[in-house]
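*Asks:* Protein chains in written order, with the UniProt record's numbering: chain H, 1 to 94; chain G, 1 to 160.
No lab work stands behind these hints, which were simulated from the structure alone. Only a predicted model underlies this, so the values are computations on that prediction, with no experimental measurement involved. Cβ atoms here follow ideal geometry from the backbone N, Cα and C, with glycine treated the same way. Hints may contain errors.
Unchecked claim - Below, in silico cross-link-like pairs of lysine to aspartate or glutamate (EDC-like), each with a Cα-Cα straight-line distance of 20 Å or less: (1) G:Lys48 x H:Asp44; (2) H:Lys25 x G:Glu122; (3) H:Lys41 x G:Asp52.
Claimed, not checked - A few chain H residues facing chain G, derived, Cβ under 8 Å: (4) Gly11; (5) Thr12; (6) Val14; (7) Val19; (8) Gln22; (9) Thr58; (10) Thr59; (11) Ala60; (12) Leu76; (13) Gly78; (14) Ile79.
Said to hold, decoys possible - Computed beta-carbon distance windows for the label pairs: (15) H:Pro62 x G:Thr35: 36 to 42 Å; (16) G:Gln131 x H:Asp86: 21 to 27 Å; (17) H:Asn47 x G:Pro97: 20 to 26 Å; (18) G:Glu41 x H:Ile70: 30 to 36 Å.
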Amino acid sequence: MNKKKVLVICGTGVATSTVVMQKLKAFLRDKGIDASLDQSKVIDLLNKAEQYDLIISTTAVPPSLAGKVINAVPLLTGIGKEQVYDEIEAKLKV
Amino acid sequence: MSLSEYIGKDHIRIFEESLDQRELLRQLGDALIRTGAAREEYIDAVCKREQDYPTGLQTGEVNVAIPHADPEHHVLKPAIAIGVARRGVPFRNMADPATEISVQVVFLIAPEKGGTQLAILEQIMQLIQDQANMRKMMNAQGTDEVWSVLAQLVQVEEKS
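Isolated chain G (complex conformation) (with noise of 0.2 Å):
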């Protein structure tokens, strides 16, 4: 199993500028959706989903998130779209939703049905771990360099 099948370079988004929650969700939602991993309708599953079960982690000076919504119907084949928000985007905080966080890195995890595939969303999970990977997605001067960083966590050939 490796990475590079999930995220592709093109699943790979930096917002320099603002942005509210559901923009940024519906820009990552648009890179699944041209890569053909998921449907339009997977982008309104997400938001809904936010809503009732926010994703927001605080993990350290560079929170997380990890929206995600049921792949039935939407999810085309598994894939994660990463975005990564200069200014944050606030997220409310899974643990407890009643609050709300800034969040800098977001995961949106098209799964599929049945798991197996989601052990990458383990490899995500120890990836956040370390606040210094983080910080380097964090800082990453263009997508190319995000993707380098994920590349080199979890060591997988780069597919050019």
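Chain H with its partners taken away, still in its complex shape (with noise of 0.2 Å):
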């Protein structure tokens, strides 16, 4: 299996995505799942989303990318997390 790779974004790449970054490294750890993650704001999209297998963010995204995008606001408000975990396993694993 390659290893996957996978982006956090946030507006900045400051806050937020640090949090769903460490959600994030604690997941994949419980679940045994080794993918390399790097930590972006989202204005860097533009010209590294390809090399991306994942992209995680707290932000809106361009409409282009919405297929390899998974929204995780639900990371930090608590409010529908199990569904995010389950799509980011699901990718990840493929």
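Assembling the complex is the task here: the two chains are given apart, and the hints tell you how they should meet.
*Replies:* As structure tokens, then:
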């Protein structure tokens, strides 16, 4: 299985993406999923998006990327987070 | 790591009156400036970021927002200011920027570059996931009570 590349983003690449990053690391460790994680801000997506298998974002992203983006806001609010984790797991285990 | 390093009682504001988002951010930002946590410019940076990347979170009965901006040049030491807006303040929804929600509890974050201190933000996220906590903050009689709700929840010793 190829190691998947995941990019975690938020508006400034500082606050909410850090929280998501920490949660994601713990989740992947629990599940035994080996993926490489990077963190960035949404503006960097324009030149980086194609290098990644999956983008996890707390902010709105260009519609052209919708296929590989998962909305991570539920990981912040807790509302509907199980579904998001399931989605992430499904995408990374393919 | 203790929450009291980031939130002092003098970082908490309760707004009984109606106010708009900019005024709320200005007043919360002012709390950070007064305690030497951020420069004046941070407020503008936060307001601008809120236009581009809104931070309103629909969490249930008491909605929350976590406005913040890039700390570069504007944040002097990491801190969080908390605003309780009894009548609600309009914020656009982080998950769906086309919609607006009424927010009652605002955490203005002045983060440190690097991210380790942002474990504190994780604690805030835990806090907001429990609506009973948010109701307690929403109904607090004064800033002391908001502080004691926080202090209980993160089990830190209250600094006098």
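*Asks:* Please name the hints from earlier in the document that this structure breaks, with their numbers sorted from lowest to highest.
*Replies:* none
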